[in-house]
Amino acid sequence: MTDLRVHIGSLVLDNPVLTASGTFGYGSEFADFFDLDRLGGIVTKTVTLEPRPGNPPPRICETPAGMLNSIGLPNVGVEQFKLEKWPFLSSLHTAVIVNVAGRSSQEFADVVAALEAVKGIAAYELNYSCPNVKEGGLSFSSDARVAAEVTARVRAVTRRPLITKLTPNVTSIGEIGRACADAGADALSAINTLVGMAVDIRTRKPRLSTVTGGLSGPAIRPVALARVYELVRRVSIPVIGIGGIATAEDALEFIIAGAAAVQIGTAGFVHPDAALRVVEGLEDFCRREGLANLAQLRGSLQL
Amino acid sequence: MSKSVLQLPVIERAEAARQVVRLTLQAPEWARAARAGHFINLLVPGRRDLLWRRPFSVHRADRSRGTIDLLVARMGRGSESLAECAPGDHLDAIGLLGNCFPFDPGLHEIIMVAGGIGIAPFDLLLQDVQGFSCKKSLFYGARSAGDLCRSTLWAESGAEVHLTTEDGSTGSRGLVQDELRRYLGSSANHAGRVIYGCGPTPMLAALREMALALGIKGYVTVENRMACGFGACVGCAVELAEARRDGQKYLLACKDGPVFPIEEILFHD
Ligand SMILES: Cc1cc2nc3c(=O)[nH]c(=O)nc-3n(C[C@H](O)[C@H](O)[C@H](O)COP(=O)(O)OP(=O)(O)OC[C@H]3O[C@@H](n4cnc5c(N)ncnc54)[C@H](O)[C@@H]3O)c2cc1C
Ligand SMILES: Cc1cc2nc3c(=O)[nH]c(=O)nc-3n(C[C@H](O)[C@H](O)[C@H](O)COP(=O)(O)O)c2cc1C
Ligand code: FES
Numbered sequence: 001m002t003d004l005r006v007h008i009g010s011l012v013l014d015n016p017v018l019t020a021s022g023t024f025g026y027g028s029e030f031a032d033f034f035d036l037d038r039l040g041g042i043v044t045k046t047v048t049l050e051p052r053p054g055n056p057p058p059r060i061c062e063t064p065a066g067m068l069n070s071i072g073l074p075n076v077g078v079e080q081f082k083l084e085k086w087p088f089l090s091s092l093h094t095a096v097i098v099n100v101a102g103r104s105s106q107e108f109a110d111v112v113a114a115l116e117a118v119k120g121i122a123a124y125e126l127n128y129s130c131p132n133v134k135e136g137g138l139s140f141s142s143d144a145r146v147a148a149e150v151t152a153r154v155r156a157v158t159r160r161p162l163i164t165k166l167t168p169n170v171t172s173i174g175e176i177g178r179a180c181a182d183a184g185a186d187a188l189s190a191i192n193t194l195v196g197m198a199v200d201i202r203t204r205k206p207r208l209s210t211v212t213g214g215l216s217g218p219a220i221r222p223v224a225l226a227r228v229y230e231l232v233r234r235v236s237i238p239v240i241g242i243g244g245i246a247t248a249e250d251a252l253e254f255i256i257a258g259a260a261a262v263q264i265g266t267a268g269f270v271h272p273d274a275a276l277r278v279v280e281g282l283e284d285f286c287r288r289e290g291l292a293n294l295a296q297l298r299g300s301l302q303l
Numbered sequence: 001m002s003k004s005v006l007q008l009p010v011i012e013r014a015e016a017a018r019q020v021v022r023l024t025l026q027a028p029e030w031a032r033a034a035r036a037g038h039f040i041n042l043l044v045p046g047r048r049d050l051l052w053r054r055p056f057s058v059h060r061a062d063r064s065r066g067t068i069d070l071l072v073a074r075m076g077r078g079s080e081s082l083a084e085c086a087p088g089d090h091l092d093a094i095g096l097l098g099n100c101f102p103f104d105p106g107l108h109e110i111i112m113v114a115g116g117i118g119i120a121p122f123d124l125l126l127q128d129v130q131g132f133s134c135k136k137s138l139f140y141g142a143r144s145a146g147d148l149c150r151s152t153l154w155a156e157s158g159a160e161v162h163l164t165t166e167d168g169s170t171g172s173r174g175l176v177q178d179e180l181r182r183y184l185g186s187s188a189n190h191a192g193r194v195i196y197g198c199g200p201t202p203m204l205a206a207l208r209e210m211a212l213a214l215g216i217k218g219y220v221t222v223e224n225r226m227a228c229g230f231g232a233c234v235g236c237a238v239e240l241a242e243a244r245r246d247g248q249k250y251l252l253a254c255k256d257g258p259v260f261p262i263e264e265i266l267f268h269d
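Chain order of the listed sequences is L and F.
As numbered in this note's numbering, residues 1 to 303 make up the first sequence, in order.
As numbered in this note's numbering, residues 1 to 269 make up the second sequence, in order.
Hints should not be assumed to be uniformly reliable.
Under the rule of at most 25 angstroms between Cα atoms (straight-line distance), these lysine-lysine pairs were calculated in the DSS-like manner [stated by the list, open to error]: (1) F:Lys-249 - L:Lys-85; (2) L:Lys-82 - F:Lys-135; (3) F:Lys-249 - F:Lys-217.
Because the hints were derived from the structure by calculation, they are not lab data.
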């Protein structure tokens, strides 16, 4: 048996396959389909300080080899999360990473502080795609200084592993990633969705209520891979690859490019057990290739 | 019943109306468990260019044969391909999904209102309520006579059927909601009546207005776009008529629905 374990800061995952935030609910939606404990971990839907209703419909639209969404981070808020969602998540053996967001760096720190007393949270992932109220609604990723400040603020309130999730909608993801690593992130995850838009030519209305939204799915995989590769070259902490991964072959591309782990998002909407298939596919690949562990593969890109 | 992904053999294919195909699928467990409103989410075979599955209501269940029927209207790329499936093919399906129409045995009359392909869940509803003595009225509208999906269950269940077509080729000329309005206008006592609606948004909006004005209880199914169908993407939001006390403004069509109390939600195009 190949050893598929990976280290993310002090966290050890049984295998490098996680589910992506906002695409796996709080786990229970998938429990009918497969044994969630086969996963390396679950990343929860984004949790915010206060409850949020989310955006008006239509929130989603199918596009070539992908989809657009403008869900708007609906969630019950951190206090209800602890009461309603955590009991199921804590019953799992797999690592549970809680994804959080805020409208200011202080709010990010407040959500995390509110979760510190909860036993069993494996790590936090910071969602930087949320608009920053203080900076006039710009994303927290738009500026290396702001991006680093959020990570530093959260770093100050927790010793748990901290993953900063980056958006690709920036000029230099490498610079932002580097700033977050220097500010104390234990790992980076990338990418969040790409800004996109679609129009219904019959009604001449945008297909999403918010006009633009986030593109995900197979269409973004090459973009994601290039961003992950850029990050891997810029930082020495682990990078978690996200974007259009649906099969073990897709995941292997990211690992060979240097990713420590991967997250499966949109693929799980179509094949609920997609993440499990990736785990099994990685096991098969390593067995066939006679690999003892993933380190032999990681960053093995031949140039 | 827990949700699962199954490979369903296609047993039969028939033209149910112009542009509508009836597929019979082998699915014994789902045939037993399905109630009107439940749907399944199908991968479109041979169309890897389409990312999402396509949702279809369970139209009918043959519990002794272990089969379910779907009505597939040709609306676009996915439904066109699904309508071409033939016996021997297999369909990759997630089910059973969603909730179902609530039924109270004490009702005097159930009024089913279908617009176009919205007829799909009502065969199963007629099956569900067979054996109950309530009056069964079906109001069913389509563009033209050739677009109506007729069913043997109408006679078998003793339903009173009111057909409308937009071109007047069968039944009354006009829209199904107008036919219903005339029917409801002819009596003042609506106690023990319930309206079940499935169809295009303007029809649902008209039903809502009528039901609220006359104080008739009603339920409708919605057909939002769905990326997953099982509550994971939170994309199929339906707007609540009144926000809940905790600030909740939306429900999910796939998980909280597709059947909703008519007064509870708002309809958008
Ligand atoms: C719970 C549920 C039950 C359903 N039951 C049935 C059924 O029993 N029989 C049946 O024939 N259909 C049913 N539908 C509708 C069916 O799923 C869609 O017609 C189908 O997904 C369209 O896919 P397509 O690839 O053919 O169309 P596409 O090529 O994707 O689109 C064709 C056109 O239809 C529009 N469109 C696509 N999907 C929707 C939608 N959901 N709402 C409004 N406009 C849309 C597109 O914008 C486009 O203009 C149901 C839908 C839901 C949500
Ligand atoms: C419907 C939907 C909802 C999402 N919600 C969140 C979210 O709440 N928080 C977050 O950090 N990312 C969210 N994402 C982004 C995903 O986690 C992921 O970064 C992105 O979809 C790319 O991966 P994929 O192509 O595998 O889906 C969401 C994506 C989708 C499609
Ligand atoms: S379709 Fe994904 S949550 Fe309803």
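Right, here's what the structure says about each hint:
Between the alpha carbons of Lys-249 of chain F and Lys-85 of chain L the distance comes to roughly 19 angstroms, so the proposed pair stays at or under 25 angstroms and holds. For the suggested pair Lys-82 of chain L and Lys-135 of chain F, the alpha carbons sit about 49 angstroms apart, so the restraint of at most 25 angstroms is broken. For the suggested pair Lys-249 of chain F and Lys-217 of chain F, the alpha carbons sit about 22 angstroms apart, so the restraint of at most 25 angstroms is met.
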